[in-house]
Every structure is written in C-alpha cells, then in structure tokens.
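Those sequence lines, one after another, are chains C and Y. Residues 1 to 113 (the working numbering) make up the first sequence, in order. Residues 1001 to 1153 (the working numbering) make up the second sequence, in order.
No lab work stands behind these hints: they were computed from the structure. All C-beta atoms in this analysis are idealised placements derived from N, C-alpha and C, irrespective of residue type, glycine included. Heads up, a few of these hints could be off.
[What the hints assert, rightly or not] Quick list of simulated restraints, FRET-style, between CB atoms:
hint, chain 1, residue 1, chain 2, residue 2, range
1, Y, THR1149, C, GLU41, 28 to 36 Å
2, Y, TYR1032, C, LYS83, 34 to 42 Å
3, C, ILE66, Y, PHE1146, 28 to 36 Å
4, Y, GLY1128, C, ASN9, 42 to 50 Å
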Amino acid sequence: MESIFKIVNYLPSTITTRKAIEVFENNLICSAYNKIIFDFEDIDFVSRAFADEFIQFIKNKKINAIFIHENPNVRAILEAVQKNHSKRNKTYHNIAVTHFEDKEKLNHLLSLI
Amino acid sequence: MVSVIKYLISEAIDNITDHSEVYNGWIMAQNYPYKGYIDVCIVDRGIGIKGSYTKSGNIYIKNDVEALKMAINGKSTKKTTETRGYGIDTSRRMLVDGMKGKYFLFSGKAFYIYNSELEQIIPLRDYGWNGTMLALQIPAQEPTNFNYTTFLE
Chain C
1 MESIFKIVNY
11 LPSTITTRKA
21 IEVFENNLIC
31 SAYNKIIFDF
41 EDIDFVSRAF
51 ADEFIQFIKN
61 KKINAIFIHE
71 NPNVRAILEA
81 VQKNHSKRNK
91 TYHNIAVTHF
101 EDKEKLNHLL
111 SLI
Chain Y
1001 MVSVIKYLIS
1011 EAIDNITDHS
1021 EVYNGWIMAQ
1031 NYPYKGYIDV
1041 CIVDRGIGIK
1051 GSYTKSGNIY
1061 IKNDVEALKM
1071 AINGKSTKKT
1081 TETRGYGIDT
1091 SRRMLVDGMK
1101 GKYFLFSGKA
1111 FYIYNSELEQ
1121 IIPLRDYGWN
1131 GTMLALQIPA
1141 QEPTNFNYTT
1151 FLE
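The following block holds chain Y by itself, in its conformation from the complex (with noise of 0.2 Å):
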C-alpha cells in the first residue's frame, strides 16, 4: 500500500517540477479512517497543462479538454515521447481500475473526472484554475490480490 501512494504522490510532484515551469507546489493529505480512505490533493499554480505543450511546440492542441484529452492518452510534452507520458494514465488506471479509488485532474478550464461510475471531462465557462490540481481519493484497503506492479507500463 505504502508503494502503491509513493507511486501516485511521486508521479503527481515530477509532472510539477518538470512541466509547471515554477519552483513550488502544495500537497494536503487526510486520513478518513471511518469512512476507509486518504484523500490527498496536489497542486501548482503553474502554466497549466495546455501551457505545457504550447511551450513546447504543440500547436495542435487548442484548448484545455484536448490537452487533457493528450495527457490522458499519455502524449508527453517532451521531444523524447517514446519513453515518457506515462504517469497520468498509468496513474489514473490503478487507481480507479485497480483499486476503486477516484481521480481528479483540472487544469485551466476544464477538469477530468474518473471513478468506477463516471469517466468525463468537463470545461467550464465562467471559472478555471491557473495551474493543475489533482485530487486522489486512496482507499485504505487494497482489493484482494491487487498488485501495482501490474499496472505499470
């Protein structure tokens, strides 16, 4: 278990130091131990995820849904593509398919919804967050025979 956070955590910090383009985030974290699950949420107030592939040349991506719709799909901003991009769908899918927790991802003015009922991104009109936040909803208690290790790619 303690691996399977240290992955999500990990993952979640490097995209802020090596894609936000600041020096600086905050990570909060709390134990619901009634309700059986860590809530931990990660953000920066950086360029965002559209900011991070527009920096890096990617002209085709026009708004906030597709960056995250590339992101998700593991499309990196760096010009070495084949090894990279993986930490958000990896992420994401052992999170939700492995361990029935929840993922949370907004950046600019769209955000990204995925739990074992709902799979959705949602922009939004009047309001955004300049930077990315992510939010995971752990539970405490892996399922019987999850392994982590399997979900890595």
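The following block holds chain C by itself, in its conformation from the complex (with noise of 0.2 Å):
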C-alpha cells in the first residue's frame, strides 16, 4: 500500500526542531514496509535535529520512505543524517585551555576578540 504525506499540510515552510516529529507521530497511519512517499514541496529548509528524528523515525516504523521534491539544501540534510545513520567518522579534537589569574589580562583578550 502507498500513500503521499505532504509535510507543508501539516508543518511550517521551516521546521527547526526535533518536537516537530510529533506530527508524523500523530498523523501518519502507516504499518511496517508500508511504501509511504513524503512530499517536501514547499519545505523551504530543515534542521539537523529535525532530520535526524525524521530518518530515526523512519526506521523505527519501518517505512519504506520515498522522499519527492527536496530542494538541495533540505536534501543535503537530509543525506547527511542518512550517511552518518549508517557510520559515525569522528577524530578528537583538542582544544587549548588557557588560565587567567589576572582579570585585566582577561579583559584584554576578550577586546581582542
């Protein structure tokens, strides 16, 4: 069975947070393998954190998702989440730690900043 979820039906133009799945939770009917294609038309952009719950979502439901009509910043997003769903590549970075005891010296590197 296949059906069409148009997200700018029930979500703003930008959709920033990841509270925002509560939409798909409350207004998607789907089963497991249902073929479910989300229309993006008119979605101007999505967050990171929003993409994530999104595809996490996906999979916990185990939708088969087809996405349509994604711009290129949103589809970006959303092929970031989706590739880092499968690996995470991370190097640590260290970060200096500079101590202050003198207040003035303080000051004076924050006018610098």
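Reassemble the complex: the two chains are provided individually, in unrelated frames, and hints are given to aid placement.
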C-alpha cells in the first residue's frame, strides 16, 4: 500500500526542532514496510536535528520511504543524516585551555575578540 | 546565506529545547551593515552543558571545561549517541572555517572562543553563567564558492 504525505500541510516551511516529529507520529497512519511518499514541496529548510528525528522515525516504523520535491538544501541535510546513521567517523579535536589569574589580562583578551 | 543563518540558529535553539531543561530562552540579533556582519546571541538559564551531561549519567565530566570539550567534540548527552551531537561542532566549523566568522560558547564557569586567529577554552574563577550563552558573529557575505552543505556530517 502506498500513500503520499505532504509535509507542508502539517508543518511550516521551515522545520527546526526535534519536537516537530510528533506531527508525523500523530498524523501518519502506517504499518511496517508501507510505502510512504514524503512530499517536501514548499519545505524551504529542515534542521539537522529534525532530520535526525525524521530518519530515526522512518527506521523505527520500518517505513519504505521515498522523498520527493526536496530542494537541494533539504536533500543535503537528509543525505548527511542518513549517511551518519550508518557510520560515524570522528576524530578527537584537542582544544587549548588557558587559565587567567589576572582579570585585566582576561579583559584584554576579550577586547581583542 | 539565509540557509546558513537558519542552520546556525536552529541548531542553537534546538539545544535549548532538547537539553536545557527550561521552556524558554532569549535571542538577540543585530545587523551591522557597514561593518559587514550580523551578531546573534542565543541564551538560556537552564542547567548548562555540564548539567546536561550530569543529568544523563555521565560521571566522567567533572567541570565546565570538560563539558565544553565534549560538546565541541560532538559527544551527545543523549543515549542515542551515534546520530546526535553534531550541532555545535558542525556550526562552529561552518561559521569559522567556512565563513571566517566568530563563535563564542559560554556555559557555567567556562567559555569557548573560536575565530580564525584563536581557539581556546577559558575557565573562570570568580563568575560564570547559570545556563548557556552562544554568540555568533556571522559575516554578511558568504565567501566565494562557500557551500554550507559541505560542512554537514
């Protein structure tokens, strides 16, 4: 069974929070391995955080998902998240820690920033 | 450019809703057209970055300096760690490495400053911020050939 879910009918064109996934949970009727076409027409932007929740939602519900009408930015974010759901490649980044005993020296540094 | 600003702000605001344990925060933005940048400051009075790690049961992070190091390195406070924790790291690299902007993150008794000349964490002895404060200086013009999606992980 296949259905189309037009996202802009439920969410604004800019989707920024993880909480927005509740709209899918409350409005999407699906059973495992259903084919659902997620229509991103008129969705200008999705945050990485929302995309993470969305991809996780699709995985958890075992939805056979197809995305259509994503703009290039939305597509890039969805692809980045999907890529990292399968593999995370991270090296540790060392950062210098500097203690200032003298408030004047600290203020001087802050004035340079 | 609009997408970059949306990305930077959305990641920061989502951190308030997801981690701070408070229901509101503040955002201030000021455009400096002649100086060529926009200053944005996003603030909450929540539990702070260290508080978020502590709440999630991470007993190894003993102070605000360690918490900042972990956050900048993308270690999420949430249990599903593999897919989370990208917001701060991606945002700072996008803004500074990509756009030559400035990134300032202050939580508890330490702050992190990152710009094209300097990257440091500075612990404070006598004062701090109960919560988290993020200040971004976003250049008004993107560099030539800049594509923010290349910084996405």
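Tested hints:
1. Y/THR1149 x C/GLU41: 28 to 36 Å: Because 20 Å falls outside the window, the suggested range is violated.
2. Y/TYR1032 x C/LYS83: 34 to 42 Å: Once the Cβ atoms are compared, 37 Å apart, the range 34 to 42 Å for C/LYS83 and Y/TYR1032 holds.
3. C/ILE66 x Y/PHE1146: 28 to 36 Å: holds, 31 Å
4. Y/GLY1128 x C/ASN9: 42 to 50 Å: About 45 Å separates the Cβ atoms of Y/GLY1128 and C/ASN9, which means 42 to 50 Å holds.
The structure shown violates just one earlier hint, number 1.
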